[in-house]
Structures are given as C-alpha cells and as structure tokens.
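Asks: Heads up: the sequence lines are chains R and F, in that order.
To convert, note that position 388 of the first sequence is 388 in our numbering; the numbers rise steadily by one, no gaps.
To convert, note that position 442 of the second sequence is 1442 in our numbering; the numbers rise steadily by one, no gaps.
Be aware that a few hints might be false.
[What the hints assert, rightly or not] A few chain F residues that face chain R, going by a derived Cβ cut-off under 7 Å, partial list only:
{"no.": "1", "residue": "I1134"}
{"no.": "2", "residue": "K1151"}
{"no.": "3", "residue": "P1176"}
{"no.": "4", "residue": "V1179"}
Bear in mind the hints are in silico, worked out from the structure with no lab data behind them.
Computed from a prediction, not measured in an experiment: that's the story for all the values here.
From the three backbone atoms N, C-alpha and C, an ideal C-beta is built for every residue, glycine too.
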Amino acid sequence: MSQLPILILVLPMLLAPVLLILRNVGIMHSLVTIVLFINFFLTIILFQHVSSVENILYEVGNWPAPFGIRLNADILSVFFLIIINFMSLLCIASGKNLIEEQVNKSTSNLFYVAWLLCTTGFSGIILTDDIFNLFVFLEISSLSSYFLVSQGNYKGSTVAALQYLFIGSIAAVFILLSIGIIYMQTGTLNMQDISMKISLVDYNNSVMLALGLFLIGIGIKSAMFPLHGWIIKTYAYSPSVVTTFFSGTSTKIGIYILIRIFFDVFNNITPLQNYHLSELIIYLSLFGILVSTAYAIKQQEIKKMLALSSIAQLGYILLVAMLLIPEGITASLVHVINHSVIKTGLFLAIAIIFLNNQNIKLDDLCGLGKKYPLVMGNFIILSLGLIGIPLTAGFISKWYIVLAMLKSEYWYFTIVVLITSFMTFFYIWKMIENIYFKSTDNNESVAIKNYQIACITILTTLTIYFGIDTSLTADVAESIAYDVYYGAL
Amino acid sequence: MNIILSHLAFLFFSILILYLVRKENFSGAAHGLISFISVIFVFFITFSFHEVSNNKIVLFEFIENAPISFYIDSLGLVFLIISNLLWFCVAIYATRYLDINKYDKKGDFYIFFLISMFATNAIVYSSNLITTFIFYELLTVATYPLVTFKKDEESVNSGKKYLYYLLGTSIVFLLPAIVITYIQNGSVEYTQGGIFSSSNQIITFIALILFTLGVAKSALMPFHKWLPTAMVAPTPVSALLHAVAVVKSGVYIIIKIILFIFGIEVIKDNGAVFIILLASFTTIIASIIALKQDSIKLRLAYSTIGQLAYIVLATAILAPFSILAAVLHLAFHALGKIMLFLSAGIIATRVNVKYVSEMNGISTSLPYTSLLLSLGAIIMVGLPPTIGFISKWFLIQGIIDADMYILVAVIVLSTILNAAYYFPMIYKPFFGPSNNTFTYKEDMFLVLPVALIGLISVVLFFTAETFIIFIEQQILL
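The task is simple: from the sequences and hints, build the whole structure.
Replies: Okay, structure coming up:
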C-alpha cells in the first residue's frame, strides 16, 4: 500500500520509452489506455486508503525526508490526483480516431509518449513533497504540453505552441527564482520542513519577494486574469483531444499548487493577508470574470468561447479561494471538480462532432440537434450544468460559491458573481438555439463511435450525479478545506 | 410507500414511458390517462388528508440541513386539486386541439407538458426552499420547448425572452435570497409561523425584496414581460401553464414564503408595505395595459398579471380573511382564466378570430363557446353569482379588518377596469353587428372539457362554504 504513490508516477513513465520502439498505432493506443486505466484504478485505491486510514508518506530511494525526495499522498493531493488521472484516461479512451485524424502519423508515437509524460508530470506535481521536485515535474509536464499543443494540424498550432512555450518558460523562471530564494532563506527544500522553518526565519522582504514571484508563476499556469493570454490560442489550436484534456486538468494544477503552497506550506506566515495579496487577486478575478464573460458572449468561435468561459470559471475558483474562509476553499474545490467534468464534456462533444475542422463557428452548430441527437442531448445537459441549473453539478458549485461570498467580508460582490453567472446563459444559449432551432443545408455527417458516446455519457452522468449526491464532491472538499484552513493537513 | 412519493414516482415513470414510446396517437391518449390517474391520486390524498398532512418525507440530503423533501399541507392541497383537475380537462382538450391545428412532433409536446405538470406537483409538495427552487427551475426549462413549439422566428425570440426573465431573476435574486435565509437561520424548511426572527431587520427586508423579485413566475412588475411573450405557445400551454400551473406556482411560492418562511409577525412591520405597494401598482397598471390590447390572448395575459397581483396583495395584507381570499382566488382565478383561454383557443381555431375587435357575432356559429367565454369573464370581473365574487368579498373584508381602507379604492378601480376590458368580450359575440358570416360549427370535443370546468365552477359556488370552512380550519389556525 505504501508503494502506491510511486507506482502511479512510474507506471506511465516506464511505458513511455517502450512506445518509442513500437510501430503499430493500434497497439500503442491500447497499451496507453490500459496503463492509464490501471493508474486510475490505483488512484481510487489510494483515495480509499487515504480517506479512511491515513496519509502515505513515501521516501524515494529510502533517503530520509529533509535530504531525499518524499512523496506525500494526503487527501488534498489525492483529490486532484483522481481528477487528473480520470481525465487523462477518458480523453485517451475517447480520442483514438481524433488522434489518427489530427496528429501526423510519423509522430504519433511521440504524441503518446508526450501524453504519458504529461500525465506523469501532473501526478508528480501533486504527489511530491519537495518544492524543487515540484518544479522538475512542472517542467516535465510543461515541455510535453508544448509538444502536444504543437501537434495540432491547424494553421495556428505552431504559433500557439511557441507562445505557450515562451509564456510557460517565463512562468518557470519566476517559480525557479522563488524556489531559490526560499532555499536560501530556510536551507531546505522539503515542503513540510519549509513550513516549519519559515516561521523561524526573519519575516523579511526576500520571503515576500519569493512568494510574489511564485504567485506570478502560478498565476500564469492557472490562467489567472490578467495572465491568461496563452489559454485562448492554446485551447483553440491544439489537437482537440489535447484541448479536452487540458480544459479539465492543466489549469487545475495551478490551483492545486496555489492551495498547497499558500495555504498549506506557508500557512504559518499567512502570506496572502499581508500586503493585501488576496484582496488584489479578488479584484483581478472579479474584473477577469466580467471581461471574459463579456468577450465570450461576443465570440463566434466555439473553442475560443469555451476557453473564455474557462477563464471566467477559473476566476470563480480563485475568487472564492482568496476569501480566506473555509467555506471559500470548499467552494473552490467543489468548483474545481465540477467545472472539470462539465468543461471536459463540452469540449469532448465539440471534438467528436467536428473531427478535423478548423475554426468551428457558431453557425456550424446549426441543425446538429437532428443529426446527432445523442451527443447533442449530452451537450445540452452539460450546458445546463455550466449555467448552474439545479440537479446538475453546476448548481452545487453555484450554491457553495454564493454561500461563501455571502459569508465573507466581500459579500457585496455577490451581485457581480450572480450577474456574470447569468451572463453565462447568454453565450450558452446562442449555441443551443443554433443546435435546435436552425437548420442547415450541410448534410455531411461524421460517424460517431460508440465508445465516444459512452465517454461523454459518463461525463454527463457524473454531472447529474454530482448534482444529486454530493458526498464525493462537497463533503470531501469540506473536510479538505477545514484541514487546510486549520493547518491540520 | 407513501402516497405523495407514489404520485411523484408515477408521474416520473410516465415521463419515461412517453419518452420511450413516442407514437403520435399513443402519446395523446396516454397523456390523458396519466392526468386522469393523477386526479385519482389527488382524490386519495384528499380523503386521507389527516393522515398524510404535515408528514415530511426526506428523499436525500445534498446540502446540509437542506434535503430534497416533500409534504402536503392544506394550502398545497387546494392548489393540488385545482391544478390536477384542470390538467385532466386540458389533456382532453389538447388532443383534439393539436389534431385540428396539425402540429407535428406531438409526442414531444406531451412529454414536455407532462414534465411541466410533474414539476408543478413537485413544487406543491416540496417542504423547503431548496426543493422548491429545484423544481421551479425544472418548470422553467421544461416549458421552454413548449413556448418555442412552433419553432418559427417569433417563438424562438419569445422563448429566449422567457428564459432571460425567469432564469435571470431566479439566479440573480431568488438563489441569494435562499442562501441568505440559509445562512441566517440554518434552515430553509417551511415552518408554521416562519423561521426568520425579528432581530435583524435589514437582512430580513433585503431577503424579502429578493424573494419578491426572484419569484418572477408570479409576474409582479417589473418582471412581468415574460408572460405576454409566452403567449405565442399553443393554446393548451397558454391555458394550463400560463394561467394555472406556472404562474400559480409562483404565487403559491410567494404565499408560502410570506406565511412559512418569514411568518406573519416578522413581515408585518418589515416589508409587507413594500409588497402591498408593488402588487397594487401591478394590478392597476396591468389592467390599464390590458384595456389597450386588441389581441384576445394578450388581453387575457395582462389580465392574469393583474389578477396574480391581487393574490399577492391579499396575502400581504396578512389579515385572516385576506389570506382566505388569496387561497380562494388562487383556485377561482385558475378556473375562470382557463375557461377564457380555452374558449379563445376554440374561437381562434374554429372561426380564426384572434382579436377582440373581430369578435362581432360569433355566437351564431359558436353559441356554447361564447357562453362559456362570458361565464369566465364574469368570474374574472367578480360579479355575483359566480365564484369570483366570493374571493373578492373576502378580500374586501380582510382589507377592512386590517384598516387599510385606501386599498378598497385599488380594488374598486381595478374591478372597474376589469369590467371595462372584459365587457367587449361578452357583448360583441352576442350583440355585435354580425356582418361576416361564419359557417363553422361547434366542435364538441373542444367544448366539453371547457363545459366541465364551467360546471365545476358553478358547483363550487354553491358548495363554497365547505371549502371555506376547510381552509379556515387548516390555514388560519
């Protein structure tokens, strides 16, 4: 049982070089699917263990903690680990013909390799207890992400990948610098060690500088307004299976690091309260939510619209987390999982219908309700979830967000949250109207595979399930939030 | 198994059956049968009311202290009986109406109609604000396909407006109101005497305003515009949903919030005046606008807005007699207005008359319809000997009890306006100069359900006393 964390990291990493010598894409795909499935299964077991028995601390290579690298599987990390591994599995399982269609045959084995490394990188960020190791995994996942993005066969793919690379590297530099300063001040890289020693260090400007740099780095990674620029092009020009994967995971990793570093590791010195950092992020988030929602309403391209919507939703997640009350952290975590499920489902629906289309416009949705009744039925339910209609996961998110807002000292900003959440309805409804009420002369249709329908139905079922039974989302999130808040993680 | 849950489960599985067996002819008949069985359920609930009343059934808890749970009280029972009885009548009417008008996709129509009635029944049964909110939103979403049923430009635009108003207000006002209630009191259950304490007046007042604006289904101004636009829907929808189920759910929720969330004592010196002002304003302005409408359906829609405000007004006066009047008017207005809508539907389909100015002399070809239309109109104006008179009588009695004499003027003024805009609809069919010759005859399938409703209304007038005694015992403890 204690080997589980390292197993989750090593399994995909070991498969990656094996793929390099394989030629058959079919075998490759099934191998990757199997390994990711095993990985997902292992995370479930890990979750069971951590939530009912105890946290797992695994010392890599048996080197004791402050000197060696340690993996830490507590309830917060397992919560995110499940999301990452589930989404990775689901996207690969539903994406076989998407990858065949969009990725160049000659590089498709590299694509799978990058995918596995990216998943490992994400898992590693979540599991590691060493702040420099976190940076290493961040780089592993980022580098493979750049490659994944560049594999799109769209006109803008290369540019998007380059842009992502530049901005991502800047973020990496900020984070590295910050880690350096922290190491200088505390003399250790182990997170729990830092957490203890940082309060002994003279509370000085260099620590503040380190945290500020870290925040900017993480802000870029989690598409915090106004550092969100890369996300729109990346989502629009990646291969659609990559977009689907990233929509549920990559920005959520940023949120995880933020919660881990600022709420857990630096809990003792309350960095967010000092220098009004949390206040700053709250105002930026509010502004970001307003702007990106307004742009989403104007946007004609579906993928960009959904990307803008993601920025707004991430704004909610950051906003409530920065209220610095346990209810806020609960709402933030609940929305992380619910938004992951819903947005991945929406991107998946778009991806499997428009196999190889560039620039999918609003008008391209016309008459799809008749052509693909099943997929579009799912699409509708997921959209209702995004709006926040009761009995979908979105309503639970909205309930907790409004609850947290009203309980906080920023209660008067609830009105902004409510109005923007109603504005969501405007752009969603543009799509639904086109799908159901307009007809088209275009009679081409794509053959939808059964496994793709199954995958999207799983996400829809989850959307409804999380709207009814909240024991897996809200209850877990609440226990994490109180642990994080009272420093008992 | 509990009878309330059985009723809801029955409706739920009926939806599934209608969805799986989507055959044009089957759906209509099945829908009629489902509504009939639903009426039987309601009869059972009525007769075993003393055993089932105030018995909470918790389905599951998804937010702490705010589970999805159901119960039935006497106020709910009144609404339940009326809505299900009328549903049955409209179900018969609808099969014929859709045949004559040759709508396609009838199967979808019945499914969404059924979902709407399921949501309405669930709203009646719900025992807390969360459950109410869930089915309130479901009702909005389920009626949207019915409003846009014709799928032309006009109905799509109206549908959008419909959603903007109803979803918008519920998200921006109703949801925070419920959350405030939850934070303030730790509970959102409907409780006799209310759950708000009178300690924090500002928050109570804010919550009250949010609730009043948030339940836009009650069509109080300024969020009333959705109701006239929803009139593009086929007649059965306008009749049952937009004169009974949807709008009355709104009013029902407002009554419940006033009585069982705030409580008479708290609301008395904390915002009742606000509701009274808003409702009075709405009732008079809506009547004036109705006077100017030439389209029959629009005139009826604005009349509905005015009459709904009556019910809210009567509740907010908070005197025992006025609350009695509110409950009575909830039922009686439903009966009268649905007769008007259904008759208007018959007139529109049989002789293709959609405007009041064209109604001259239609009684020669549609004598029964014209008679039923007149009966409905008289109920709406509130003249004796019809049920409309009873509720108006108690309303005035309540006003006098509460010493708010100025409101008598409001009632009188709006009654005069009511009479003014209904008078042409009574006068013209019978006595108007009939220069155009209609050759159509009555269609008995369409007339019979309306006649049945007319009969119920007449019977109710003579048996009103038992009704009143029941409400007095149960509600005005």
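Asks: Tell me, in ascending order, the numbers of any earlier hints that this structure violates.
Replies: Violated hints: none at all, because every hint is consistent with the structure.
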